[in-house]
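K.L.:
Chains as they are written, first to last, in the UniProt record's numbering: chain V, 1 to 153; chain D, 1 to 153.
Simulated from the structure, these hints should not be mistaken for laboratory data.
Keep in mind that the hints are not guaranteed to be accurate.
No copy labels: a pair is met if it fits in one copy or bridges any two.
Stated by the list, open to error - Keeping only pairs whose Cα atoms sit at most 16 Å apart, straight-line, the calculated EDC-like set for lysine to aspartate or glutamate is:
(1) LYS130 <-> ASP114
(2) LYS130 <-> GLU149
(3) LYS130 <-> ASP151
Protein chains: 2
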Amino acid sequence: MPAALAATAADFAAAAHLLVDFNREYDDPAPEPAWLADRLAALSAAGDTSVLLTGEPPLGVAVLRFRENLWQPVLEAYLAELYVAPQHRGRGLGTALLDEVIAHARSRGAGYLDLNTSEDDLAARHLYDKRGFDCHEGRGSGPLAVYYELDLG
Amino acid sequence: MPAALAATAADFAAAAHLLVDFNREYDDPAPEPAWLADRLAALSAAGDTSVLLTGEPPLGVAVLRFRENLWQPVLEAYLAELYVAPQHRGRGLGTALLDEVIAHARSRGAGYLDLNTSEDDLAARHLYDKRGFDCHEGRGSGPLAVYYELDLG
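Just chain V, with the same shape it has in the complex:
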């Protein structure tokens, strides 16, 4: 079945549970699922966030963020999260969900879609490469594009 845009409280609760599982899988800190469900609902209502769910019950989730691009009169889309429950991997669900993410970003008028991943996450990188994402400056043969963060807390 195709992915669906989260719209109800039950959708956001399911998305929050998957995302909290995702963070626990990678030992990242995670908020309470109930808090995260409310956060996802509020950001979606505010208009800059789309949450996509796949499976019934939901087995995968993607979160996109949108904003106006600086350089052109279009939106830019950022794929903040993409997750399939571990026991359901290897069946193409991630690829199908990414295809829905791309179609959704296009349908909202985004000129490009970007994301960050880990150099050693070969499964994720293979998936992004397969769909035409590029991680090189100037595309193709340029140097690698590197993502930096500074904690301000």
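Once you've looked at the hints, dock chain D against the given chain V.
P.N.:
Just chain D now, with coordinates in the frame of chain V:
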């Protein structure tokens, strides 16, 4: 002199000229400066963008984008552009401007600041390293964090 937040039409025009020069230096496409000045002013007025200028006349510019973080009730900040005119490099202007960027992001309540750069831009990477930015998953000793883009045009 410290960096100042762009606020007037003249400020946005100066920022646009520097940013167009930046893109031309790297052979990236650039819009008309007048269009970009209006765009920067509109995005700044909408609240999700801050443009910082340094020098009189302006010799450097930084553009920050802000949005609500998914995981915590804080803003996240993205350093979209940081540029010092070529003939004024090597005098610490970039470091001083980055320090103002960090202070500004903190003053708006951002929990973190992120950016992308090219693996071979050693001057930029040295600057970000010096101020504590990290480009590894899990920080420090983890694998490199890689930035991917997909053109939807």
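K.L.:
None of the hints should be skipped; say for each whether it holds.
P.N.:
Cross-check of the supplied hints:
For the homomeric pair LYS130 and ASP114, the shortest alpha-carbon distance inside one copy (15 Å) is at most 16 Å, but the shortest distance between copies (26 Å) is not. Taking the closest pair of Cα atoms, LYS130 and GLU149 come within 16 Å of each other only across two copies (13 Å); inside a single copy the shortest separation is 27 Å, beyond that limit. Proximity of LYS130 to ASP151 under the C-alpha cut-off of 16 Å is restricted to the inter-copy arrangement: shortest distance 14 Å between copies versus 32 Å within a copy.
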